[in-house]
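Protein chains: 4
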Amino acid sequence: MSQPYKTHLTYEVSYADTDRMGFVYYANYLVFFERTRSRLLADVGYPYPKLEADGFGLPVIEAHVDYRASATYGDLLDFHGWLDSHTATRLRVACEVRKQGALLAVGYTVHACLNLQSMKPTRLPSRLAETLADPSDSHE
Amino acid sequence: MSQPYKTHLTYEVSYADTDRMGFVYYANYLVFFERTRSRLLADVGYPYPKLEADGFGLPVIEAHVDYRASATYGDLLDFHGWLDSHTATRLRVACEVRKQGALLAVGYTVHACLNLQSMKPTRLPSRLAETLADPSDSHE
Amino acid sequence: MSQPYKTHLTYEVSYADTDRMGFVYYANYLVFFERTRSRLLADVGYPYPKLEADGFGLPVIEAHVDYRASATYGDLLDFHGWLDSHTATRLRVACEVRKQGALLAVGYTVHACLNLQSMKPTRLPSRLAETLADPSDSHE
Amino acid sequence: MSQPYKTHLTYEVSYADTDRMGFVYYANYLVFFERTRSRLLADVGYPYPKLEADGFGLPVIEAHVDYRASATYGDLLDFHGWLDSHTATRLRVACEVRKQGALLAVGYTVHACLNLQSMKPTRLPSRLAETLADPSDSHE
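Chains as they are written, first to last, in numbering that gives the first Met the number 0: chain A, 0 to 139; chain B, 0 to 139; chain C, 0 to 139; chain D, 0 to 139.
Keep in mind the hints are simulated off the structure, nothing from the lab. Note that the structure is a prediction, hence the values are computed from the model and not measured. By construction, the Cβ of each residue, glycine as well, lies at the ideal position given by its N, Cα and C atoms. Check the hints yourself; a few may be wrong.
Claimed, not checked - Under 10 Å between C-beta atoms, here's a sample of chain D residues computed to sit facing chain C:
#1 E11
#2 Y14
#3 R19
#4 Y24
#5 Y25
#6 A26
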């Protein structure tokens, strides 16, 4: 069975990201996850701004983070993300945050597909469902 | 000549607001200013959500902050705001952030009135212009 | 068996809290959770700034949020929080975010107790452990 | 007279950066400015984390932004920053935010040099003052 496509991006921690304990504030990891899945969607050929322009949204209905180690100002982080699973109407994206290989945080977000006009749940757009079913075509 | 109406609200600093120097991160003062002018508009009888529902926006075209002293996690702050000046199409709101009377920051924001349909500049809605001309009627 | 003490605070959503879908950005719920547990610790008699001054930290090692409905600019939210469970070295705090009674989000954070000098895990300070064992004494 | 050294970095706007008007929230430009001056200090050979490790801080005492055009989710922005002026104890850094060449925002921050032990104002470390006096040596 094939491995899911993994996206990768780097990020430099800003002073704004830190808190007075000296480390990246915990809520910011969800921003990191967003950056990662945003890149993942772009990599598999359906960038989120395009998806929104097509009338779809993917609001988060569940988020989970396990924090293993801390990061601070100036650190260069690696974000990795991949599609964990999906149904006709939902996606689950897994993310990892690493620093020089060491795992800082791992977690996932679950997204429901929303029709932005009616603001009601809907099926994933076929273009996305197909891409996700076989991402190998989109990013050679 | 009459003094402008001054709004006042209190705010408790969260851990999220701080940075690794131990104090409130400087950009957050612009969020404090937003909270203050939001309350100011509500106090003078034209809350910003109502203004947006009526098709107007007040995007910031200029912001300035002078930082005098620092605040940290758990501090109870006082925000004061008032209309500094306005023209047919622009507003200038002044804000102060204080802690137990001591001035922490002072500054202002300038706003252009925008038609949210056309996204073009427009005159302030008459309801707001009238209220601002004589706020004394709106908040006894 | 007694119910745990529940803290309660209110919060007004700022424009800064929203994103371009029009709702509160999902990471901000973790900031809401922080505000809630901060109030919880103050209510049970051991405010977090005091705990830090005593050389302890409670960094988050796990966070989870289930999102049920959205909030937007100007909404008045109710945050509820309570101690879910604790061991000699860890706490779990549960939080709910409601709007006019309706549940918007529910989740929890798990915290390890840290010695801020050595930055190593340590036992919860006895003062906190005792308070948590019987919070009924601290907030009549 | 020589031109000051200009630093340059790129940044991709996240969903978190936007607000419900659909654009980058105005306070985030001060975060962009921070990223820019952070890179500027690294480029001229004295990264801010090193400066802090040496016992110095450069808290912002004044900030100003003129907003000219808006940015939104997914935009690739260019940040440019340079030393505007400095005295024995203060720095002024200018910043521009551009999108495909078009100016979105321009402004500056003024920083006082702080001794992080005493938390009192002090002279800029000689290493920084010298570098700033002649940045041409530091980044060929």
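#### Entry: Interface restraint verdict for E11 of chain D against chain C (beta-carbon cut-off 10 Å)
Cβ of E11 of chain D sits 15 Å from chain C, so the hint is violated.
### Query
Is the shortest C-beta separation between A26 of chain D and chain C less than 10 Å?
This interface hint holds because 6 Å falls under the 10 Å limit.
### Query
Hey, does the Y14 of chain D contact hint survive, CB to chain C under 10 Å?
5 Å, holds
#### Entry: Evaluation of the interface hint that places R19 of chain D against chain C, nearest CB under 10 Å
Since the shortest Cβ distance to chain C is 4 Å, the answer is holds.
### Query
If you take the shortest Cβ to Cβ gap from Y24 of chain D to chain C, is it below 10 Å?
Check passed: Cβ of Y24 of chain D comes within 6 Å of chain C, closer than 10 Å.
### Restraint outcome when Y25 of chain D is required to lie within 10 Å of chain C by C-beta distance
9 Å, holds
In terms of the numbered hints stated before, the structure departs from hint 1 and from no other.
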